[in-house]
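Please put together the full structure from these sequences, using the hints given.
Protein chains: 2
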Amino acid sequence: MLKLPHSLQRLINELNRLPGIGPKTAQRLAFYLLKKDNIDISNLSSAIANIKQGIVFCSVCGLMSESDPCNIDKDPKRDHSVVCVVEETLDAQALDKTGEYNGVFHILGGVLNPLEGIGPEQLSIQKLVDRIKNHESGIKEIIIATNPSLEGETTAMHLAKLIRGINQEITKSGNQEIKVSRIARGLPMGGDLEYADDITLMRALEGRREY
Amino acid sequence: MLKLPHSLQRLINELNRLPGIGPKTAQRLAFYLLKKDNIDISNLSSAIANIKQGIVFCSVCGLMSESDPCNIDKDPKRDHSVVCVVEETLDAQALDKTGEYNGVFHILGGVLNPLEGIGPEQLSIQKLVDRIKNHESGIKEIIIATNPSLEGETTAMHLAKLIRGINQEITKSGNQEIKVSRIARGLPMGGDLEYADDITLMRALEGRREY
Chain Z
1 MLKLPHSLQR LINELNRLPG IGPKTAQRLA FYLLKKDNID ISNLSSAIAN
51 IKQGIVFCSV CGLMSESDPC NIDKDPKRDH SVVCVVEETL DAQALDKTGE
101 YNGVFHILGG VLNPLEGIGP EQLSIQKLVD RIKNHESGIK EIIIATNPSL
151 EGETTAMHLA KLIRGINQEI TKSGNQEIKV SRIARGLPMG GDLEYADDIT
201 LMRALEGRRE Y
Chain S
1001 MLKLPHSLQR LINELNRLPG IGPKTAQRLA FYLLKKDNID ISNLSSAIAN
1051 IKQGIVFCSV CGLMSESDPC NIDKDPKRDH SVVCVVEETL DAQALDKTGE
1101 YNGVFHILGG VLNPLEGIGP EQLSIQKLVD RIKNHESGIK EIIIATNPSL
1151 EGETTAMHLA KLIRGINQEI TKSGNQEIKV SRIARGLPMG GDLEYADDIT
1201 LMRALEGRRE Y
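Chains Z and S, in that order, are what the protein sequence lines are. Going by this note's numbering, the final residue of the first sequence carries number 211, and the count climbs one at a time with no gaps. Going by this note's numbering, the final residue of the second sequence carries number 1211, and the count climbs one at a time with no gaps.
Calculated directly from the structure, the hints in this document are not laboratory data. Please note that the accuracy of each hint is not assured.
As the list claims (entries may be wrong) - Selected chain S positions facing chain Z (in silico; Cβ < 7 Å):
id, residue
1, Leu1002
2, Ser1007
3, Leu1011
4, Pro1019
5, Gly1022
6, Ala1026
7, Leu1034
8, Ser1045
9, Glu1066
10, Leu1150
Nothing here was measured: the structure is a model prediction, and the numbers come from that model. By construction, the Cβ of each residue, glycine as well, lies at the ideal position given by its N, Cα and C atoms.
See below:
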């Protein structure tokens, strides 16, 4: 039997363990790297080895950052009264990149998923509640931007219910309610009605707005 | 602007340089690694760093190997009179894995590609000629198994012509000619006539065999 050299086979096996990388892609990548200069190889290798270096989680919003509090929470130009709740740092980055959002974020660290044993305690939900209740934070609006998946919607409803509870307390004490909204779901730009799934079409109809 | 931590962004950039890995996949992989144990991370990192360790090229056939001559060329159970000419080590491995081939290999190291400056001198072609002409090697048959691409076909034709030349010398000296064949091209298993391209169909017709 023709056996590949051990070092090569080992790398193929390691690459194959990454999500979305099958045996063929792993082979292709390993042979690609084999032909590369030692500098390129050591760059990639050390980038992987040092990935966790200098990464902290912002104690205010949970964003992955190099400082605590993160740049967003430290920024006086940001509107700290609006908090957008997202699942992960990448979601926050995607929203921020649009340039349309100038508020701050709150990272849940995932979504409710009872089948995988992820309940409210596993997520940064109590921290969000504390943040909202804390008068010093001055939060006036919450935008729930979890993903439009089954779990994301469930989590969004759970959060909305929690905030309604907080609002009842707030109104009793005579203060102003916190606005809660959910990002719009509907047809994506460039999407095609013909190929859209039923739920997307349902949401698009529900969420229609008058001209 | 929300900026990802430097170490994370650096890894995303490095991964993004790999073939077939776009910015989104690079992000996904980087975040996946970020959540992994340090052991998993250092395993991958060191597998990359050590990829070239202990790899030699067989001086007989050019296979990537851990010994010289390689396991295939050292194996007395192999038929050393049949040589299958392939582009790369992976091609040899693919053929060997079928279990149907018991001969030895010759790795060209690529294909003729004048546009990219790859001529016969850049490939292991002279070595193949020497190997065939050398009586001690006892070669009786050559199977040309370059890829069925434009370059692969050109290279195959070039090799066939070279071997015909050698055969003329051989017959003059009264010895037996070397058999040359090209692996069959046609419809792959599970393929669909309807979706096959013209050249594949042409080859499938040309290569038809009587029942």
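A quick look at each hint next to the structure:
no.: 1; hint: Leu1002; verdict: holds (4 Å)
no.: 2; hint: Ser1007; verdict: holds (5 Å)
no.: 3; hint: Leu1011; verdict: holds (4 Å)
no.: 4; hint: Pro1019; verdict: holds (6 Å)
no.: 5; hint: Gly1022; verdict: violated (11 Å)
no.: 6; hint: Ala1026; verdict: violated (11 Å)
no.: 7; hint: Leu1034; verdict: holds (6 Å)
no.: 8; hint: Ser1045; verdict: holds (4 Å)
no.: 9; hint: Glu1066; verdict: holds (5 Å)
no.: 10; hint: Leu1150; verdict: violated (20 Å)
Violated hints, in rising order: 5, 6, 10; the structure is consistent with all others.
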